[in-house]
Amino acid sequence: MAKRWLLSKGQFCEETKVLSGPSGEVSLEPRVAALLVEFLRHPGEVLSHEDLLTRVWKGRLVSDEAVRRAVSNLRHGLQEAGFGKPLKTLHKKGYLCELSAELQESRKEKPRQVVHHIPRRPSLSWQLLYHSLVILLLISLGVGSSVLLWRHFTPPAGEAAHAGPVVELPITIAVLPFANFVEDEEARLFADGMAEELITLLARVHLFRVTSRSSSQVYEGEQIDVREVGRELGVTYLIEGSVRRENDRLRVNAALINTRTGFQVWAGTFRQDRPADLLAVQADIAREVSRALRVVLVDDERRHDQLTPEYLAARAEYRKGVKLMESWHSEDVVAAIGHLQRAISIDPDFAEAYVALADVLATRASDQNNFPEVADTIRTLSERALELAPDMGAAYVARSSVASGHRDIAAAEADLRRGLRLSPSYSPGYERLAELLFFSRGDVEGATAMIDQAIALDPLRPRNYHIKGYFETFQCHYDEALKLEKEALRLEPRFRSALASLGSISGFQGNLALAVDYLQQALAMDPASGWLKLRLLRAQLDLGNLEAAAALNSPPTAAGSVLLAAFAEDDAALVDALYSGDPRELAMLSPWHLSHFLLHAALVTGDYDHAQGLLEKVYPDWDELREFHSEDHLLLLERLPAYLNMLVLQRYANPAGGSVAELSSVSRSLEQLVEGSTNCVPRAVAISLALAELTAGDSGSASMQLLQSVRGGQLLPSAWWMLRGHPAFAGLEDVPGYTALLAEGEALASLQRELHENLAAEETETAGRSEPEAEDGELY
Numbered sequence: 001m002a003k004r005w006l007l008s009k010g011q012f013c014e015e016t017k018v019l020s021g022p023s024g025e026v027s028l029e030p031r032v033a034a035l036l037v038e039f040l041r042h043p044g045e046v047l048s049h050e051d052l053l054t055r056v057w058k059g060r061l062v063s064d065e066a067v068r069r070a071v072s073n074l075r076h077g078l079q080e081a082g083f084g085k086p087l088k089t090l091h092k093k094g095y096l097c098e099l100s101a102e103l104q105e106s107r108k109e110k111p112r113q114v115v116h117h118i119p120r121r122p123s124l125s126w127q128l129l130y131h132s133l134v135i136l137l138l139i140s141l142g143v144g145s146s147v148l149l150w151r152h153f154t155p156p157a158g159e160a161a162h163a164g165p166v167v168e169l170p171i172t173i174a175v176l177p178f179a180n181f182v183e184d185e186e187a188r189l190f191a192d193g194m195a196e197e198l199i200t201l202l203a204r205v206h207l208f209r210v211t212s213r214s215s216s217q218v219y220e221g222e223q224i225d226v227r228e229v230g231r232e233l234g235v236t237y238l239i240e241g242s243v244r245r246e247n248d249r250l251r252v253n254a255a256l257i258n259t260r261t262g263f264q265v266w267a268g269t270f271r272q273d274r275p276a277d278l279l280a281v282q283a284d285i286a287r288e289v290s291r292a293l294r295v296v297l298v299d300d301e302r303r304h305d306q307l308t309p310e311y312l313a314a315r316a317e318y319r320k321g322v323k324l325m326e327s328w329h330s331e332d333v334v335a336a337i338g339h340l341q342r343a344i345s346i347d348p349d350f351a352e353a354y355v356a357l358a359d360v361l362a363t364r365a366s367d368q369n370n371f372p373e374v375a376d377t378i379r380t381l382s383e384r385a386l387e388l389a390p391d392m393g394a395a396y397v398a399r400s401s402v403a404s405g406h407r408d409i410a411a412a413e414a415d416l417r418r419g420l421r422l423s424p425s426y427s428p429g430y431e432r433l434a435e436l437l438f439f440s441r442g443d444v445e446g447a448t449a450m451i452d453q454a455i456a457l458d459p460l461r462p463r464n465y466h467i468k469g470y471f472e473t474f475q476c477h478y479d480e481a482l483k484l485e486k487e488a489l490r491l492e493p494r495f496r497s498a499l500a501s502l503g504s505i506s507g508f509q510g511n512l513a514l515a516v517d518y519l520q521q522a523l524a525m526d527p528a529s530g531w532l533k534l535r536l537l538r539a540q541l542d543l544g545n546l547e548a549a550a551a552l553n554s555p556p557t558a559a560g561s562v563l564l565a566a567f568a569e570d571d572a573a574l575v576d577a578l579y580s581g582d583p584r585e586l587a588m589l590s591p592w593h594l595s596h597f598l599l600h601a602a603l604v605t606g607d608y609d610h611a612q613g614l615l616e617k618v619y620p621d622w623d624e625l626r627e628f629h630s631e632d633h634l635l636l637l638e639r640l641p642a643y644l645n646m647l648v649l650q651r652y653a654n655p656a657g658g659s660v661a662e663l664s665s666v667s668r669s670l671e672q673l674v675e676g677s678t679n680c681v682p683r684a685v686a687i688s689l690a691l692a693e694l695t696a697g698d699s700g701s702a703s704m705q706l707l708q709s710v711r712g713g714q715l716l717p718s719a720w721w722m723l724r725g726h727p728a729f730a731g732l733e734d735v736p737g738y739t740a741l742l743a744e745g746e747a748l749a750s751l752q753r754e755l756h757e758n759l760a761a762e763e764t765e766t767a768g769r770s771e772p773e774a775e776d777g778e779l780y
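At position 157 of the sequence shown (counting the first as 1) the number is 157 in the numbering used here, and the numbers step up by one without a gap.
In short, the hints are calculated from the structure, not lab data. Each hint should be verified, as a subset may be incorrect.
Derived DEER-like restraints, expressed as beta-carbon distance ranges [unchecked claim]:
hint: 1; residue 1: GLU387; residue 2: HIS76; range: 19 to 29 Å
hint: 2; residue 1: LEU759; residue 2: ASP570; range: 28 to 38 Å
hint: 3; residue 1: HIS406; residue 2: GLU733; range: 37 to 47 Å
hint: 4; residue 1: GLY82; residue 2: ASN370; range: 38 to 48 Å
hint: 5; residue 1: GLU387; residue 2: GLU80; range: 19 to 29 Å
hint: 6; residue 1: ALA449; residue 2: GLY700; range: 40 to 50 Å
hint: 7; residue 1: GLN11; residue 2: ALA449; range: 25 to 35 Å
hint: 8; residue 1: GLU387; residue 2: GLY82; range: 20 to 30 Å
hint: 9; residue 1: GLU183; residue 2: ASP479; range: 50 to 60 Å
hint: 10; residue 1: SER366; residue 2: LYS486; range: 20 to 30 Å
hint: 11; residue 1: THR377; residue 2: ALA449; range: 42 to 52 Å
hint: 12; residue 1: ASP479; residue 2: GLY530; range: 26 to 36 Å
hint: 13; residue 1: LYS486; residue 2: HIS406; range: 32 to 42 Å
hint: 14; residue 1: SER665; residue 2: SER590; range: 19 to 29 Å
Here the structure is a predicted model, which means the values were calculated and not measured. Every residue, glycine too, gets a C-beta built ideally from N, C-alpha and C.
Please take these sequences and the hints and turn them into a complete structure.
Dropping the structure here:
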């Protein structure tokens with residue numbers, strides 16, 4: 001049953017979580033939507049803080065600030081929808097909602113499907129048209145300086161009676177790179193950009209699903225079988241063409257081909273006297289393709305004087321920058337920034353270049369862990385793009401990274417969904433929405449659907465498979481994750497992120513030698529990557545290779561120095577690395593690792609306030625680690641241990657403080673999650689639970705936590721050196737089994753280290769062998 005609340009000035013749908021009011025529609029995040037429903041169920045009734053905890057949060061552990069924040073978000077949503085301020089706070093009593101509502105329940109209706117019957121025996125001229133899909137919608141919307149009109153074509157009299165098979169929307173199209181047979185520089189630049197411009201034009205039609213350029217460009221210069229390309233890209237139609245010189249004129253040939261039959265649906269030839277007229281050709285081709293697919297693309301007041309040398313030069317710089325962005329290599333990212341800045345300098349009204357520059361700056365910030373420093377720049381670039389092109393969905397997607405960086409998940413999701421409504425063929429939007437749903441909402445099903453849509457739109461983009469592989473890794477589906485990461489590498493052998501993930505998966509499976517090998521390959525491709533260096537440094541420590549790990553910490557970073565000091569059991573160096581290091585570099589450690597090492601430092605120095613202060617400086621929102629937007633157990637298992645570490649730190653700082661009950665409660669919650677899990681429990685869980693037991697003075701239970709985790713295969717090999725030398729675990733040295741646990745971890749590391757040395761020796765020997773020289777007439 002679909003539940004809809006009828007309000008005096010609008011309505012709220014529980015299923016879609018959309019609040020409609022006098023000022024428009026507002027999408028509420030799930031927790032805020034649940035809060036609104038609770039108020040609507042109790043009109044005119046004061047709901048206390050405890051009432052909300054019980055009914056909305058189902059008794060989960062949440063801070064007072066979390067409740068206040070949810071109420072604040074609801075107030076904001078009500079005002080934005082035009083309901084004013086109906087939600088009141090009554091001091092020391094609770095909250096009162098003055099909205100009156102009536103619940104209306106109805107059966108869910110199946111969504112209506114737009115279909116059309118294809119005639120079985122149409123005349124030849126109409127056969128080409130009806131061979132493609134028929135659009136039954138009349139929609140008018142503005143896109144930049146153009147207006148797209150979708151219009152239904154009525155078939156000739158008598159043909160409607162010939163009912164044929166039902167065809168589903170949307171129409172799937174890929175635009176292949178146009179072959180260039182002209183040496184003229186301006187014409188060459190035009191040919192290079194023709195496919196990209198057509199993708200942009202056609203993607204604005206919401207009933208087209210247009211394959212992204214990163215997938216279609218791989219066929220540049222290739223002899224293709226249209227049926228095979230159609231299967232690889234998952235499309236029904238291809239557009240291909242060429243640019244040639246014909247006397248003093250340029251001739252552009254283009255064709256629309258049905259990949260299922262191999263037949264042309266439409267073909268056209270366009271001749272122009274000068275390159276400056278060629279912009280009109282792009283619009284003409286898009287219009288003719290749309291007509292062949294029963295869509296009319298009508299331009300209004302489109303300027304035809306844009307194809308100047310400056311216009312071409314700006315787009316050439318843009319294409320170079322975008323191509324470099326695809327590798328994610330540090331040097332390529334820097335070069336891409338330069339190209340995109342030049343594109344904007346040449347053409348200050350080039351909206352796509354602002355979006356691309358915002359994206360590449362966000363990419364570099366994620367690698368350098370300095371997002372706050374560039375957040376304002378990314379916002380400025382995105383909003384400049386929106387000033388130039390208000391309906392550019394990619395600009396909203398780019399802007400979403402700012403909200404994500406500030407942990408404003410609701411605003412980030414709103415930007416992403418708005419961007420995808422405007423540009424439903426924009427695959428990076430689906431990829432980013434998938435990441436947000438998975439890691440911030442815990443919505444595994446929704447995230448999978450989004451990344452699958454990204455793959456459908458861009459099936460040859462390696463990053464899409466990498467992101468899905470990361471999701472599978474997080475769920476401990478290692479076999480599936482390996483397949484996806486290897487597919488990403490097949491598509492792009494230089495894709496370092498896939499190699500890094502293969503290293504992580506190998507480490508999770510206990511194959512430490514292979515983990516180091518994969519990470520070394522990744523770092524060799526991108527030696528300037530800070531996060532790759534740190535990940536390889538940790539992998540070398542897992543192998544017990546302190547010397548190799550230390551060599552990677554050059555120039556020294558705070559995070560690398562902390563790990564090296566902890567492994568070497570050098571308390572003084574650990575304290576110095578933590579308290580003298582750059583907080584931005586320390587943020588390269590996860591909240592769990594940082595809290596683990598800060599507890600170590602606090603126990604050594606006795607300065608708990610300093611440790612807590614640094615923790616709050618590096619992670620200002622650390623108290624939100626236990627606040628989640630879903631009940632997903634995987635996210636809870638990943639994040640609650642960090643919060644438990646922080647409670648342990650507080651407990652040591654103030655033994656008589658009030659954190660005992662919360663510490664016990666969080667521990668119980670974690671234990672229940674572990675009991676309900678199969679084999680996907682992060683090592684952090686066992687270590688943090690053991691810490692909590694030690695804080696309570698129960699060394700036997702602490703040891704049992706660790707031993708049970710080892711027997712279940714859940715305590716990874718790196719735990720041996722993270723436990724060894726940590727003062728919180730000093731009391732376990734005389735507990736049976738604990739010393740054996742550390743020895744077992746070290747023995748495994750030694751075995752894997754020897755295996756890695758043998759592999760390295762074999763690779764060196766193989767590389768040293770020279771190929772035999774060929775005699776004349778012989779081929780090897």
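How the hints compare with the structure:
For GLU387 and HIS76, the hinted distance range of 19 to 29 Å is satisfied, since their beta carbons lie about 25 Å from each other. For the pair LEU759 and ASP570, the supplied restraint of 28 to 38 Å holds, since their beta-carbon distance comes to about 30 Å. Distance hint for HIS406 and GLU733: a CB-CB separation of about 44 Å, consistent with the stated range 37 to 47 Å. Checked against the given bound of 38 to 48 Å, the beta carbons of GLY82 and ASN370, roughly 40 Å apart, stay inside it.
Taking 19 to 29 Å as the suggested C-beta distance range, the pair GLU387 and GLU80 conforms, at roughly 22 Å. Remark: the range hint 40 to 50 Å for ALA449 to GLY700 is upheld by a beta-carbon distance near 47 Å. The hinted range of 25 to 35 Å is satisfied by GLN11 and ALA449, whose Cβ atoms lie roughly 27 Å apart. The beta-carbon spacing between GLU387 and GLY82, approximately 26 Å, falls within the hinted interval of 20 to 30 Å.
Separation of GLU183 from ASP479 is about 51 Å and conforms to the stated range, judged on CB atoms against 50 to 60 Å. At roughly 24 Å, the beta carbons of SER366 and LYS486 sit within the given window of 20 to 30 Å. For THR377 paired with ALA449, a C-beta distance near 32 Å fails the hint of 42 to 52 Å. Distance hint for ASP479 and GLY530: a CB-CB separation of about 31 Å, consistent with the stated range 26 to 36 Å.
In this structure the supplied range 32 to 42 Å holds for LYS486 paired with HIS406, their Cβ-Cβ distance being about 35 Å. In this structure the supplied range 19 to 29 Å holds for SER665 paired with SER590, their Cβ-Cβ distance being about 23 Å.
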